[in-house]
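Just so you know, the sequences run in chain order B and P.
Residue numbers for the first sequence follow numbering that gives the first Met the number 0, beginning at 0 and rising by one.
Residue numbers for the second sequence follow numbering that gives the first Met the number 0, beginning at 0 and rising by one.
It is possible that part of the hints are untrue.
[Unchecked claim] Straight-line alpha carbon distances no greater than 16 Å define the calculated EDC-like cross-link-like pairs of lysine to aspartate or glutamate that follow:
no.	chain 1	residue 1	chain 2	residue 2
1	P	Lys105	B	Glu86
2	P	Lys290	B	Asp413
3	B	Lys402	P	Asp75
4	P	Lys1	P	Asp298
5	B	Lys94	P	Glu97
6	B	Lys290	P	Asp413
I should point out that these hints are in silico values taken from the structure, not numbers from a laboratory.
Number of protein chains: 2
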Amino acid sequence: MKTLLYQKEMDLDTILRRNENEQDDIRNAVLEIIKGVKNDGNAALLYYTQALDHCKLTRLRVSETEIDEAFTLVPDELLTIMREAAENIRAFHEKQLETTWTYSPKPGVILGQHITPIERVGLYVPGGKATYPSTVLMDAIPALVAGVQSLVMVTPPDRNGQINPNILAAAKIAGVHEIYKIGGAQAIAALAYGTETIQPVNKIVGPGNIYVATAKKEVFGKVAIDMIAGPSEVLIIADETANPVYAAADLLSQAEHDEMAMPILVTTSAALGAQVVEEVYRQIEQDLSRKEIAKKSVDEYGFIFIVNDLNEAFELSNQIAPEHLELLIDNPMAALEKVKNAGAIFMGPYSPEPLGDYFAGPNHTLPTSGTAKFSSPLGVYDYLKKSSILSYDEPALAAISQKIAAFARSEGLDGHAKAVERRFEK
Amino acid sequence: MKTLLYQKEMDLDTILRRNENEQDDIRNAVLEIIKGVKNDGNAALLYYTQALDHCKLTRLRVSETEIDEAFTLVPDELLTIMREAAENIRAFHEKQLETTWTYSPKPGVILGQHITPIERVGLYVPGGKATYPSTVLMDAIPALVAGVQSLVMVTPPDRNGQINPNILAAAKIAGVHEIYKIGGAQAIAALAYGTETIQPVNKIVGPGNIYVATAKKEVFGKVAIDMIAGPSEVLIIADETANPVYAAADLLSQAEHDEMAMPILVTTSAALGAQVVEEVYRQIEQDLSRKEIAKKSVDEYGFIFIVNDLNEAFELSNQIAPEHLELLIDNPMAALEKVKNAGAIFMGPYSPEPLGDYFAGPNHTLPTSGTAKFSSPLGVYDYLKKSSILSYDEPALAAISQKIAAFARSEGLDGHAKAVERRFEK
Chain B
0 MKTLLYQKEM
10 DLDTILRRNE
20 NEQDDIRNAV
30 LEIIKGVKND
40 GNAALLYYTQ
50 ALDHCKLTRL
60 RVSETEIDEA
70 FTLVPDELLT
80 IMREAAENIR
90 AFHEKQLETT
100 WTYSPKPGVI
110 LGQHITPIER
120 VGLYVPGGKA
130 TYPSTVLMDA
140 IPALVAGVQS
150 LVMVTPPDRN
160 GQINPNILAA
170 AKIAGVHEIY
180 KIGGAQAIAA
190 LAYGTETIQP
200 VNKIVGPGNI
210 YVATAKKEVF
220 GKVAIDMIAG
230 PSEVLIIADE
240 TANPVYAAAD
250 LLSQAEHDEM
260 AMPILVTTSA
270 ALGAQVVEEV
280 YRQIEQDLSR
290 KEIAKKSVDE
300 YGFIFIVNDL
310 NEAFELSNQI
320 APEHLELLID
330 NPMAALEKVK
340 NAGAIFMGPY
350 SPEPLGDYFA
360 GPNHTLPTSG
370 TAKFSSPLGV
380 YDYLKKSSIL
390 SYDEPALAAI
400 SQKIAAFARS
410 EGLDGHAKAV
420 ERRFEK
Chain P
0 MKTLLYQKEM
10 DLDTILRRNE
20 NEQDDIRNAV
30 LEIIKGVKND
40 GNAALLYYTQ
50 ALDHCKLTRL
60 RVSETEIDEA
70 FTLVPDELLT
80 IMREAAENIR
90 AFHEKQLETT
100 WTYSPKPGVI
110 LGQHITPIER
120 VGLYVPGGKA
130 TYPSTVLMDA
140 IPALVAGVQS
150 LVMVTPPDRN
160 GQINPNILAA
170 AKIAGVHEIY
180 KIGGAQAIAA
190 LAYGTETIQP
200 VNKIVGPGNI
210 YVATAKKEVF
220 GKVAIDMIAG
230 PSEVLIIADE
240 TANPVYAAAD
250 LLSQAEHDEM
260 AMPILVTTSA
270 ALGAQVVEEV
280 YRQIEQDLSR
290 KEIAKKSVDE
300 YGFIFIVNDL
310 NEAFELSNQI
320 APEHLELLID
330 NPMAALEKVK
340 NAGAIFMGPY
350 SPEPLGDYFA
360 GPNHTLPTSG
370 TAKFSSPLGV
380 YDYLKKSSIL
390 SYDEPALAAI
400 SQKIAAFARS
410 EGLDGHAKAV
420 ERRFEK
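The following block holds chain B by itself, in its conformation from the complex:
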């Protein structure tokens, strides 16, 4: 873990740079897979699932029987917790619902905004060792709150054609409508273009490896996608009142995700910074099962920044735009207005980051790698869209028809001018 004194002229881009994969080979492979699925549909899906996931499928769709079986394999305690988490997630996201509005700025004129859900959405869920049913809840529930009619989940099968039962149970609890056993770029292609079995979707969300991310970027435009997710990060702003044991534990809760995860402490107290470093390494040894991953993340991408005051701390944090921001400071609510860029803000000593990952209700799918500068947590708004409403009556249009015609002609578009003028020709 590196400790640095913050200076305004620091080259943060260089200091915080993560090794990025070269992607040209990957893109070519992904383009070939997309072409295969576009041309050959299900046959291509079965071929790639055998070649890449080492699984010979006979049926793509997960059956109701398989879902029922999954429920017998998940411990009851976990089912209860998932159901309670789902309720919390639903309650928070219902606050994000928007409704159609209209107003009349002047007589004869009605303007407004019509709100409708996206009709059909695809949800990618990674397979392999790290299977996260919490992400299924987080990505699916806002879609259903928004009113999405068809929510389609895709996730790669294991070699025996099975899906992790926790994932299937979470999907059922959330209310997903269809589930298919496909993963990788081929799953993204199937969602975007459709096959004999899978109807194409309008939007694709959910995290995935570099093949999935590259495929999502390729089909962007044909369908909407959420942001491309990078490795996770947490930034803790701590003053001298903070508990170093909590700060260290929270840094490690991100570090254990990924060797490229980035745990950052920004503190006004150099003494606290030193305590946190010591505590981080102590806790890694003491009780993490994912020791190697966490240690690598901390060694390579762990930072302690010492700042002169909290204003500097927020300035730095806003430049980094962390996915998770924890405020281990006195009176965090009063500091809210200083936060310009962050995915989620965790206030005070009893709001650790895992509270948001699993249970509180706000979404845990958050903008990573500084993208909080321009994007938001996944939310109901990602599954809604707007249509403008314009209604003028004859006198209202007559009053401005010459202005519209003059503006249109200044742009060389006399067809636009005529469309208005013809309404008033005798």
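Given chain B, put chain P in place with the hints provided.
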């Protein structure tokens, strides 16, 4: 113009397909330009501006003097119209403002959503013959309503290093903060990565040619972008009460934009359909200056669909998801709920599409090519972002700490479990 009887099994994708350019060569050229700008900054911008725009610049930024001069070149009448249009656009978009909210779902718990503007935004404005100051107003004003601190416009200069004065005046009226004389992929690269003169932005919006669109897609992820715009389209739903002269004029107001523009009439009245076809060709000859363009659009991409009833009309319209939807029917407001996918909805005989292009207030930057299935008009929401707020006190966290820990351990993340548990260790 082709007249078709609507059937549920129609292959609309094939019927409405537009010729798309092959893009591989273009992508390679764009990647090279982006690399050049990343490596060589301003020098690359000057090089490409000379090579591609045939203009030898000495200064990239437009000066205040140049903007003042522009105002002397724009007719006073047009300035007045632009100012009034700007006021209408501002008033409508202020209705889209969102504010931070919090609530307490139970004692000791505060959840919420913090709203902040994107700090720095780039706005691309095409040059050449078709210069649209209305688009400058439409793209810039919502950003300023949202509170964007730095709104940066880029637009290619002509061979003499000049920018169209109407564009400069519109930018000043809207309140754009900085203007640079660069266009094409090099402008997108400069906005995304920055140069010695241009600070990088967080988001890039605005229409452009295939090079601009390809460059936007390439820098997506590093910055946010708006949707990739395709050719324009209008779909008019008309019953037997509609005036064929108005319908034809409105179809042509889109057709004159672009040879690939798509004007579609969907009508319950075959007689009206026939009248509109006749009227379209009559009006093209009678008074369009962009005759050739409009004729090509109508011949190639103009369609009349005859439907049995209005339900079928809306079903078809929702499948096409038009950029502009006009309802030339009896009681259009009652039909609003049938609209699932559309960029903007124009209600009744005195709400022609150009009303929305120039003056009413709602945005004219709308989702094209069926992307209204998953995206919205440009709006204030495109320039705002959200951060979740989570605050638990000690008893509130204690009450659920074991549930969080159990859920985390089910995902193999014991560091997450420990971060919660450590708060309650004795």
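Here is how each hint holds up against the structure:
no., hint, result
1, P/Lys105 to B/Glu86, "holds, 14 Å"
2, P/Lys290 to B/Asp413, "holds, 10 Å"
3, B/Lys402 to P/Asp75, "holds, 12 Å"
4, P/Lys1 to P/Asp298, "holds, 8 Å"
5, B/Lys94 to P/Glu97, "holds, 13 Å"
6, B/Lys290 to P/Asp413, "holds, 10 Å"
The structure is consistent with each of the numbered hints, conforming to all of them.
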